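Here the protein sequences come in this chain order: A and B. In terms of my numbering, the first sequence opens at residue 1 and continues consecutively. In terms of my numbering, the second sequence opens at residue 1001 and continues consecutively.
Calculated from the structure, these hints are not laboratory results. In this text, all values refer to a predicted model and were calculated from it rather than measured experimentally. Ideal Cβ placement from N, Cα and C applies to all residues, glycine included. Treat the hints with care, since some could be wrong.
Claimed, not checked - Derived pair list, reagent style DSS-like, types lysine-lysine, alpha-carbon separation capped at 27 Å: (1) B:1177 <-> B:1225; (2) A:416 <-> B:1067; (3) A:416 <-> B:1107; (4) A:95 <-> A:105; (5) A:17 <-> B:1010; (6) B:1026 <-> A:306; (7) A:416 <-> A:314; (8) A:314 <-> B:1010; (9) A:23 <-> A:11; (10) B:1088 <-> A:182; (11) B:1088 <-> A:187; (12) B:1177 <-> B:1107; (13) B:1088 <-> A:416; (14) B:1107 <-> A:306; (15) A:306 <-> B:1088; (16) A:314 <-> B:1112; (17) A:314 <-> B:1107.
Claimed, not checked - A few chain A residues that don't get close to chain B, going by computed Cβ distances all over 12 Å: (18) 30; (19) 206; (20) 212; (21) 214; (22) 542.
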Amino acid sequence: MGIFFHILKYKFIAFVKATFEPKVVTVVRGLGSLLVFGGFAVIAYLFSLELTKFVLDQTRIGLFLFHRFISMLLFVFFMSVNLGNIIVSYATLYKSSEVGYLLTKPVPYTQIFVLKFLDNFLYSSTTLFLVALMVLLGYGTYFGHPWYLLLGVMVFVLVPFMFLSACIAVLVLMSVVKVASKWGFRKVMGGLAVLYLGIVVLFFQFTSPIKQVQEVSALGGNVDAYFRGLESGFLSYLPNNWVSDVLFFLARGETNLALLSAVQLLMFTLVAFMIVLFVADRFYFRSWLATFEFQARSNTVESGRKIKLFDFRKTSLLSPQMESLLKKEYFQFFREASQWIHLAVMVVLVGVFAISVGNLNPTLRVTEIQTLTYLVLYAFGGFLSCSLALRFVFPAISLEGQAFWSQLSAPVDMRKVYVVKFVMGFLLVLLLALLVAIFSNDPFVRLSERRPLLMYFGVFSAFWVSVTLVALNLGLGGYFANYQEKNPIRVASSQGATLTFLVSLVYLFVLVSVVIVPLSQYFQSLFLFFPFDMQSIVVPGTLVGILSAALTGFALVIGFRSLARDF
Amino acid sequence: MIELRNVTKKFGSLTAVDDITLTVPKGEFFGFLGPNGAGKTTTIKMMAGLFAPTSGTIAIGGYDVIKNPLDAKMCTSYVPDQPFLYDKLTGREFLYFIGGLYRMGKKAIAQKIEELIGHFEIGDWVDKRTEDYSQGMKQRVTIAAALVHEPKVVIIDEPMIGLDPRSAKIMRETLRKKVSEGVSIFMSTHSLPIAEELCDRIGFIKDGRLVFIGTKNELQTYKQKYDGKFESVFLELTK
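Let the sequences and hints guide you as you build the complete structure.
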């Protein structure tokens, strides 16, 4: 283990030196980050506290249902961490040049594996830790839990929960690599996507929130009690259930039962980690070698010679420069597994969400409920656009990498390069945002007897928000560009990316806040026949327009200027 | 074709290039020598438009690289010291990409690519993605990319790194041929024999300052002051 800690020590030194450079720019950036992170942490805390208050005090659904809903959210969270880790780990464990270098040194394979696994887990989960902690604090404040208890829950429950998800992710990944070396990478990834989709669909089949509300209402009695009979068999053994049970029992003051669930989770995580170590000891190096097999299979002279869609040899109506830039972007994206797989996963999830939401049938003519439902869907759509822009637009300039010299030293106006990146990112974000906007507005158009106002608003908003978020991510992505990092996911989870994401969320928060009043007035006009003044949209709409335009302009300018920096 | 006037580049308190003035006329092969960290790559990067000078001006083909960068770059080719390519493109695609950036037509690019593949003996590798290339193969493709658009000025940073003896020979012959066709070449190198063999004029840089500039004949005279060896002149000038 001496070598392990020796490498860890130098990795830590390198990290500290890179993060805490004694330069004015670094200090200013650090203070800026601290401010944004701090602001975000406060918002996350308040949001969690207010939401808990609203759900428990206003809707009075009771502790049991509330924690079942938390369990569902935790399941989605678990799956997101899991999928994210599969994609990131592939780049970290198999494509990293550091691994190639360490493998030439007398370091045991398992130690290299653990180093990269931890590196990956800690690096990509920093923001999630912050969000989880603040949400937990907000939740815990409602119940009057002391801070040290919440810290304990964070360290001994939530972190192991995320770690378990990461452990399962690397186990899946090693199996995928092994199988893909025989069957081909694309086929195996396709199968895996279907499997994951099936798991998500099945989970929600068994744990329909509406069904749970109906069952609890039917049983009546104390809504804060534990309805053991309503547990659906094997689902109670899922880790998300253990976490929600810990929270539930703590809320009821049943510390012993909470401890029992926590120990269950910890033991399970420990066992999972032992299995990971066992498998890594036997298969990591072999699977690392296997990646070369399927890489060699996909990179042959024959496949290179085939005339492909958007092939460079084909002529087009575009100018030679524009054509070259567009085709290069296309091939760079669709030949990078971590890019197209992540996009495919997100497209499928967005599709599932859009169709599920489109099938909603809101019948309750209650202003507060419909306003809240609309806002939740609207915010989720915005959150999705934020995530897409962060993941695919923010890294766009960094991913030019060291080969960017070829464009910077060529007679290309950098505005063209910038425009190409903006347009491609914009089309991607806009298409998915429109999909969500159309499907999530459709039920409300039906509710309003086919009045299209909300649909117009949704589509217009999707367009405007996409412009702003893409500009923000491209601009700040250029400002924080790291041409040394080849892994898009690491770029998208860097400090600069996190900062950009938080700014995007604050923008989204402002947007949602501005919409509340006119939206509520609109539903009042529908349900209570109050007059609806279109002017009520104009002022907030103008304010949002100005804010969006200012953000867009600011980000685009600093991003473009960053291209003129020394390379 | 290349004109540097009082060019200085500072990185914070460090002066990497200090008040360099030099001219490379049409059809001249200029060798730029100096020890590690002397400022060779910084000078070259400023000429290629990758760094902006702190002060002074650089003109290529009569165009200021800061005021008219596109015109200056149109007649220039740059070969970096490390042949970084886009991993996911094949060699052929990269060459098409570069041809497009120089606004060439498809037919002209295709013709030139076939010629360069043969000349630099790239063979079937041209249709494989560059992520599987060796350092030498990457270098060959990078140099081929520099010649796709028939530049008037070639700026090369350490061209022989990673090349096997046969490729290095092809490279030397190609560069000499280009010079005879009227192309100006500005080459930085550590290799004294290569500089002596290829260059018409040589400049030595030390701590960012140009400490010697002269023709091959002037260098010969200078060499006699020492033991007649180029290496001794280099060691003395860069001491």
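Enumerated hints in conflict with the structure, sorted upward
Structure breaks hints 1, 6 and 8.
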